[in-house]
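Number of protein chains: 2
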Amino acid sequence: MWLAQVYVTLKPVVNDPQGLAIRGGLRNLGFESVESVRAGKYIEIKLEASDREAAENAVRQMCIKLLANPVIEDFRFDLEYVA
Amino acid sequence: MWLAQVYVTLKPVVNDPQGLAIRGGLRNLGFESVESVRAGKYIEIKLEASDREAAENAVRQMCIKLLANPVIEDFRFDLEYVA
Chain A
1 MWLAQVYVTL KPVVNDPQGL AIRGGLRNLG FESVESVRAG KYIEIKLEAS DREAAENAVR
61 QMCIKLLANP VIEDFRFDLE YVA
Chain B
84 MWLAQVYVTL KPVVNDPQGL AIRGGLRNLG FESVESVRAG KYIEIKLEAS DREAAENAVR
144 QMCIKLLANP VIEDFRFDLE YVA
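Listed in order, the protein sequences are those of chains A and B.
Mind the numbering: the first sequence is residues 1 to 83 in my numbering, read in order.
Mind the numbering: the second sequence is residues 84 to 166 in my numbering, read in order.
Where hints are given, some of them may not hold.
Said to hold, decoys possible - In the DSSO-like style, the derived pairs of lysine-lysine whose C-alpha atoms are separated by at most 27 Å in a straight line are:
hint : chain 1 : residue 1 : chain 2 : residue 2
1    : A       : Lys46     : B       : Lys129
2    : A       : Lys46     : B       : Lys148
3    : A       : Lys65     : A       : Lys11
4    : B       : Lys124    : B       : Lys148
Unchecked claim - What follows is a list of derived Cβ distance ranges for each label pair:
hint : chain 1 : residue 1 : chain 2 : residue 2 : range
5    : A       : Ile64     : B       : Pro153    : 16 to 26 Å
6    : B       : Pro153    : A       : Val71     : 13 to 23 Å
7    : A       : Asp74     : B       : Asn98     : 27 to 37 Å
8    : A       : Ser50     : B       : Ala166    : 41 to 51 Å
9    : A       : Glu32     : B       : Glu115    : 26 to 36 Å
10   : B       : Ala166    : A       : Val13     : 19 to 29 Å
11   : B       : Glu118    : A       : Arg27     : 21 to 31 Å
12   : A       : Ala83     : B       : Met84     : 35 to 45 Å
13   : A       : Asn28     : B       : Met84     : 16 to 26 Å
14   : B       : Lys129    : A       : Ser50     : 19 to 29 Å
15   : A       : Asn28     : B       : Ile155    : 38 to 48 Å
16   : B       : Met84     : A       : Ala21     : 37 to 47 Å
17   : A       : Asp74     : B       : Gly108    : 38 to 48 Å
18   : A       : Leu29     : B       : Glu136    : 36 to 46 Å
Hint data in this document are derived by calculation from the structure and do not stem from the laboratory.
Heads up, the beta-carbon is just placed ideally off N, CA and C, and yes, glycines get one too.
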């Protein structure tokens, strides 16, 4: 069994209203040292695959087809083998 | 300037309808090898702090006070110094 940890983030040029709202909330709470905030998604996927390459290909396809919107989002992932 | 990468995940005992929906979507798309999916948040914060300890304390407080709901969510974060 493989565990994929997938990070989906907005591309740097894309406006991030959720990140701006979090930044505003943090500053209102007194965290004046906060410069900027970007919000993204973190997804853990457990999947069966014969080897690392097969798992990598599967997760990449999942990101492209469902998890990320390639027009406005970037994705990256780590893979580890779990029992 | 410090960059904090914050991961907020639902505690393992908490139901994750968003993760279940993603799992269903992936399986419908033909990714039958997907066993389970957990959805979480990924937040990047840039902040000023005098040293690593100060940055760590600030980010921990941000997580407790705003970013995570400690009743149902866990959080962890990585810190790195950026120019």
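Verification of the supplied hints:
no.: 1; hint: A:Lys46 x B:Lys129; in the structure: violated (31 Å)
no.: 2; hint: A:Lys46 x B:Lys148; in the structure: violated (31 Å)
no.: 3; hint: A:Lys65 x A:Lys11; in the structure: holds (17 Å)
no.: 4; hint: B:Lys124 x B:Lys148; in the structure: holds (16 Å)
no.: 5; hint: A:Ile64 x B:Pro153: 16 to 26 Å; in the structure: violated (35 Å)
no.: 6; hint: B:Pro153 x A:Val71: 13 to 23 Å; in the structure: violated (35 Å)
no.: 7; hint: A:Asp74 x B:Asn98: 27 to 37 Å; in the structure: holds (29 Å)
no.: 8; hint: A:Ser50 x B:Ala166: 41 to 51 Å; in the structure: holds (43 Å)
no.: 9; hint: A:Glu32 x B:Glu115: 26 to 36 Å; in the structure: violated (50 Å)
no.: 10; hint: B:Ala166 x A:Val13: 19 to 29 Å; in the structure: holds (21 Å)
no.: 11; hint: B:Glu118 x A:Arg27: 21 to 31 Å; in the structure: violated (41 Å)
no.: 12; hint: A:Ala83 x B:Met84: 35 to 45 Å; in the structure: holds (40 Å)
no.: 13; hint: A:Asn28 x B:Met84: 16 to 26 Å; in the structure: holds (21 Å)
no.: 14; hint: B:Lys129 x A:Ser50: 19 to 29 Å; in the structure: violated (41 Å)
no.: 15; hint: A:Asn28 x B:Ile155: 38 to 48 Å; in the structure: violated (23 Å)
no.: 16; hint: B:Met84 x A:Ala21: 37 to 47 Å; in the structure: violated (21 Å)
no.: 17; hint: A:Asp74 x B:Gly108: 38 to 48 Å; in the structure: violated (20 Å)
no.: 18; hint: A:Leu29 x B:Glu136: 36 to 46 Å; in the structure: violated (20 Å)
Of the numbered hints given earlier, the model fails hints 1, 2, 5, 6, 9, 11, 14, 15, 16, 17, 18; all others are met.
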